[in-house]
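Trainee: Spelled out from the first residue to the last, the chains are:
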Amino acid sequence: DQQVKQNSPSLSVQEGRISILNCDYTNSMFDYFLWYKKYPAEGPTFLISISSIKDKNEDGRFTVFLNKSAKHLSLHIVPSQPGDSAVYFCAATSGSRLTFGEGTQLTVNP
Amino acid sequence: DTAVSQTPKYLVTQMGNDKSIKCEQNLGHDTMYWYKQDSKKFLKIMFSYNNKELIINETVPNRFSPKSPDKAHLNLHINSLELGDSAVYFCASSQAAGRGGYTFGSGTRLTVV
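Each protein sequence line maps, in turn, to chains A and B. Using this note's numbering, you'd call the opening residue of the first sequence number 6 and step up by one each time. Using this note's numbering, you'd call the opening residue of the second sequence number 28 and step up by one each time.
Everything labelled a hint here was simulated from the structure, so no lab data went into it. Take these hints with a grain of salt, some might be off.
Unchecked claim - Capping the alpha-carbon separation at 20 Å, the derived lysine to any residue pairs in SDA-like fashion look like this:
| id | chain 1 | residue 1 | chain 2 | residue 2 |
| --- | --- | --- | --- | --- |
| 1 | A | Lys42 | B | Val115 |
| 2 | A | Lys10 | A | Gln110 |
| 3 | B | Lys98 | B | Gly111 |
| 4 | B | Lys68 | A | Ala46 |
| 5 | B | Lys68 | A | Arg66 |
Unchecked claim - Chain A stretches covered by chain B per the calculated footprint, using a threshold of three residues with CB under 8 Å from any CB of chain B:
| id | stretch |
| --- | --- |
| 6 | 45-53 |
| 7 | 70-83 |
From a predicted model like this one, the values you see are computed outputs, not experimental measurements. C-beta: ideal position from N, C-alpha, C; glycine also.
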């Protein structure tokens with residue numbers, strides 16, 4: 006029972022363009038959503054988060070959008086850079102538990 | 028000065044052996060976790076400790092036993108290792124349980140042969 010889903014295992018974009026990573030969830034009790042970035046042979050690193058009471062949070066090139074009615078969130082990266090190439094995990098919290106999606110491999114081509 | 032450090036980074040061992048993975052955080056966080064990333068790349072929580080007390084214990088075999096001697100350490104001991112235990116195990120910590128901002132270690136790749 007995967008409560009957080011990232012249906013695209015991979016995404017490839019050109020440098021300078023926008024990257025949009027999507028995430029869907031099923032548990033309406035989730036109250037906080039996060040994106041993590043992971044390079045090979047390293048642990049995930051926290052990127053950006055959003056509370057369920059908001060619909061948008063922006064931090065530099067990264068913006069997270071939350072659509073609670075659709076139980077959907079997305080991460081926009083603009084402009085994309087080759088250094089952004091990594092696996093991106095969507096995650097959500099309910100109480101003390103952080104649940105991850107299965108990740109999307111983003112490749113930004115020079 | 029790594030914030031969350033886990034050792035060893037790689038561990039290759041035979042079926043049936045007992046092994047431990049150690050984790051230490053120097054962030055002053057109250058909560059520590061063990062996550063497992065399997066061959067399908069899912070990151071799934073195994074255990075969570077808050078101030079040395081177990082608060083999350085997912086459905087994992089009894090062969091897995093976490094131990095938290097103090098709030099800066101959370102070790103994972105695995106008895107009678109099986110082939111299916113092969114995975115990458117990540118330790119993490121956070122100040123407030125479930126509020127994000129988790130800091131992860133770099134992972135321990137366990138291979139059972």
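Trainee: Below or equal to 20 Å on CA atoms is what counts here, so check Lys42(A) against Val115(B).
Mentor: At roughly 16 Å apart (the allowed maximum being 20 Å), Val115(B) and Lys42(A) satisfy the hint.
Trainee: Within a Cα-Cα threshold of 20 Å, do Lys68(B) and Arg66(A) meet the stated pairing?
Mentor: The hint is violated at about 26 Å.
Trainee: Confirm or reject the coverage of the stretch 70-83 of chain A by chain B under the rule of 3 or more residues with a beta carbon closer than 8 Å to the chain's beta carbons.
Mentor: It is violated: at least three residues are needed, and the stretch 70-83 of chain A offers just 0 whose Cβ sits closer than 8 Å to chain B.
Trainee: Lys68(B) and Ala46(A): Cα distance at most 20 Å?
Mentor: Holds, because 13 Å separates the two Cα atoms, which is no more than 20 Å.
Trainee: Check the hint pairing Lys10(A) with Gln110(A) against an upper bound of 20 Å on the C-alpha distance.
Mentor: 14 Å, holds
Trainee: According to a criterion of three or more residues whose C-beta lies within less than 8 Å of a C-beta of chain B, is the stretch 45-53 of chain A covered?
Mentor: Since 6 is at least three, the answer is holds.
Trainee: Check whether the Cα positions of Lys98(B) and Gly111(B) lie no farther apart than 20 Å.
Mentor: 30 Å, violated
The structure shown violates the earlier hints numbered 3, 5, 7.
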